[in-house]
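From first to last, the protein sequence lines are chains A and B.
Residue numbering for the first sequence follows the UniProt record's numbering, starting at 1 and increasing by one per position.
Residue numbering for the second sequence follows the UniProt record's numbering, starting at 1 and increasing by one per position.
None of these hints come from the bench; they were simulated from the model.
We put the beta carbon where it would ideally sit given N, CA and C, even for glycine.
Just so you know, not all the hints are guaranteed correct.
The calculated label-pair distances, taken between Cβ atoms and stated as ranges, are [unchecked claim]:
1. Thr-312/B x Ser-169/A: 23 to 29 Å
2. Arg-149/A x Thr-14/B: 51 to 57 Å
3. Gln-24/A x Leu-119/B: 55 to 61 Å
4. Arg-110/B x Glu-73/A: 33 to 39 Å
5. Leu-101/B x Arg-124/A: 24 to 30 Å
6. Pro-104/B x Ala-215/A: 44 to 50 Å
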Amino acid sequence: MSARTSPGLAGDRRPAPPPALRVQDVTVRFAGLTALGAVSFTVAPGSVHALIGPNGAGKSTCFNVLSGLYRPESGRVLLGDTELTGLAPHKIAALGVARTFQNIVTTEGTVADNLMVGRHVLTRAGFAASALRLPGAVREQRAHRDRVREIAELTGLGDHFDTPVALLSYGDRKRVELARALCLEPRVLLLDEPVAGMNGAERARTAEVVSAVRARLGLSVLLVEHDMGLVMSLADEVTVLDFGRTVAHGTPDEVRRHPEVLRAYLGTPGADPAPAAAPAPGEDPV
Amino acid sequence: MSERIPKGAAALLTALLLCAPPFYLDAFWLRVGLFAMAAAIGAVGLGLLTGTAGQLSLGHAFFLAVGAYGYTWLAGEPGPGLPPALAALLAVLLAGAAGGLFSPVAGRVRGIYLGVATLALVFLGHHVLLTADSVTGGFNGRSVPALTLGGFSFSADGPAVTVLGVPFGAEERLWYLGLALLAGTWWTARGLLRGRPGRALAALRDSETAASVMGVDIARYRSAAFVVSSMYAGLAGVLLALAFRRVVPDYFGLTLSVDYLAMIVIGGLGSVAGATAGAVFVTALPLLMTRYADQLPLVATPGTTDGGVGPTEAARYLYGAAIVLILLYAPDGLHGLVRRVRARLRPAAPARTPESLPATSAVRAKEHTP
Chain A
1 MSARTSPGLA
11 GDRRPAPPPA
21 LRVQDVTVRF
31 AGLTALGAVS
41 FTVAPGSVHA
51 LIGPNGAGKS
61 TCFNVLSGLY
71 RPESGRVLLG
81 DTELTGLAPH
91 KIAALGVART
101 FQNIVTTEGT
111 VADNLMVGRH
121 VLTRAGFAAS
131 ALRLPGAVRE
141 QRAHRDRVRE
151 IAELTGLGDH
161 FDTPVALLSY
171 GDRKRVELAR
181 ALCLEPRVLL
191 LDEPVAGMNG
201 AERARTAEVV
211 SAVRARLGLS
221 VLLVEHDMGL
231 VMSLADEVTV
241 LDFGRTVAHG
251 TPDEVRRHPE
261 VLRAYLGTPG
271 ADPAPAAAPA
281 PGEDPV
Chain B
1 MSERIPKGAA
11 ALLTALLLCA
21 PPFYLDAFWL
31 RVGLFAMAAA
41 IGAVGLGLLT
51 GTAGQLSLGH
61 AFFLAVGAYG
71 YTWLAGEPGP
81 GLPPALAALL
91 AVLLAGAAGG
101 LFSPVAGRVR
111 GIYLGVATLA
121 LVFLGHHVLL
131 TADSVTGGFN
141 GRSVPALTLG
151 GFSFSADGPA
161 VTVLGVPFGA
171 EERLWYLGLA
181 LLAGTWWTAR
191 GLLRGRPGRA
201 LAALRDSETA
211 ASVMGVDIAR
221 YRSAAFVVSS
231 MYAGLAGVLL
241 ALAFRRVVPD
251 YFGLTLSVDY
261 LAMIVIGGLG
271 SVAGATAGAV
281 FVTALPLLMT
291 RYADQLPLVA
301 TPGTTDGGVG
311 PTEAARYLYG
321 AAIVLILLYA
331 PDGLHGLVRR
341 VRARLRPAAP
351 ARTPESLPAT
361 SAVRAKEHTP
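Could you build all of it, start to finish, from the sequences and the hints given here?
Set out below in structure tokens:
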């Protein structure tokens, strides 16, 4: 299905930079409500691109379009030269686009079980091979489990590897999702509010993990986050959405001073130039 | 790692215990065991579909019928009269193919809706069994040809076999066949559940959205789970046919499908051991109550009408009550119950393996769609 190899199994070499992710004039409407109106932006290869905006701005809708859960009314999404629009979610995943969810969505079982789901597109063992425990399937499972353990260590979940996810703390469960997405060995990682609802220490830890994996694995990251401190410290570029439109675009510093952004976030133009942590995190209803 | 050796010893002991009954128990008990083993194979298959993949099926009786009648027709007269072992294999594949034919529905329809859709299969199957006389024998059914394997016959007709002074009749021989098939079922089902397909199915059960963005082809995996589940049902059907020695249409009704659902719920969804325990419970209970009706209070002896409840009805009441009790007090079934009791018995042991932990339910967060 995918011509991609799994770079992790070959050791810790740095893979070729990922292709650019281009969003071109994407429009999504729900029964008359325009959730996204001709939104365009490009996630440059290997960069961290933040997508910010108040609740209901269309950030999560945008993620759902990128991962194939929604089909846009018009516009295109391209990964390099491959068109993603219209592909089924599992095909997009096979092309190396992984995502996390705003609400934690994990599977019953241990951390290891959950992370192994992330290896799905990189593995082959089918029903017959697994049922009969053919040597190939067993070997594959073992090799990938080793790599998954490495990823667990990298994301600070090494100690919880065999713990059922349901017993973990909120912050750890959220990190399981992040680690699971990394298990796809993605070229583009979509993070939907990775630190929402976390306490300060957990936030700092997740921020560290994100910058560490980006440095080590060389992937592009598209980040939706309300925590402006995190956005400002991690992002290379920021796109601001409000009511489904792009209102500003630029480096974190440029965006911070943009009058439209201040109005969207604070309701009054020209107020405090550093909106700390704007709306309550983790309550985005879209 | 030190737990490995006792575990292996326990497995060996269990195997020895399971091999012992033909030497000590009479044909009645062996038949109870055989029906339980056949049911366990079917229940493991349904557990894979319902417990692991989260797809409800009320059509399990249909696939059992395909297996049972498939074998009977393929190995019998009228029919191609194939060697019975080949007929058994083909019957399992036939059940899988029947599941595959239904996969356009099974792959697209989710959860409870699939349950309703599969209802049609049971009625259709029952109608065909009654009307296709030349193949199924109609209302009176057909007698089942005995299984032979390399000259060894799994019936009392063949050359007499005596092991350690015990004459081996049909039940004794079939007992070991049943054990072998059940062991194969356990081995393959656990391989599936612990491998890539099992994880993918569990992921799509807990969140279709998350599974699809992890790269799981939802429709394909749903269909595949349905096909695999049908094949286990087909195998169970073959064993049932051999144990009954006669297949009749009325056995393969909706009640049978519901019984299988009861088995996996009582046993505990999503576990092979649970499905087996549930199958033994649901199968053995009515048979035992019928046998010991005269010794039970409030239960009438079969064939009498002196008030009281008939044994079959009493067994139904009891197992209805068991389902309600289990749903209320042990929603994770017998399997979860055992797990918790075990965890309580050794509180000092650190929570290292998932088996020793209290039952955990999946984290089913609201799916991320508006």
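Would you pick out the hints that fail for this structure and give their numbers low to high?
Numbers 1, 2, 3, 4 - these are the hints that the structure violates, sorted from lowest upward.
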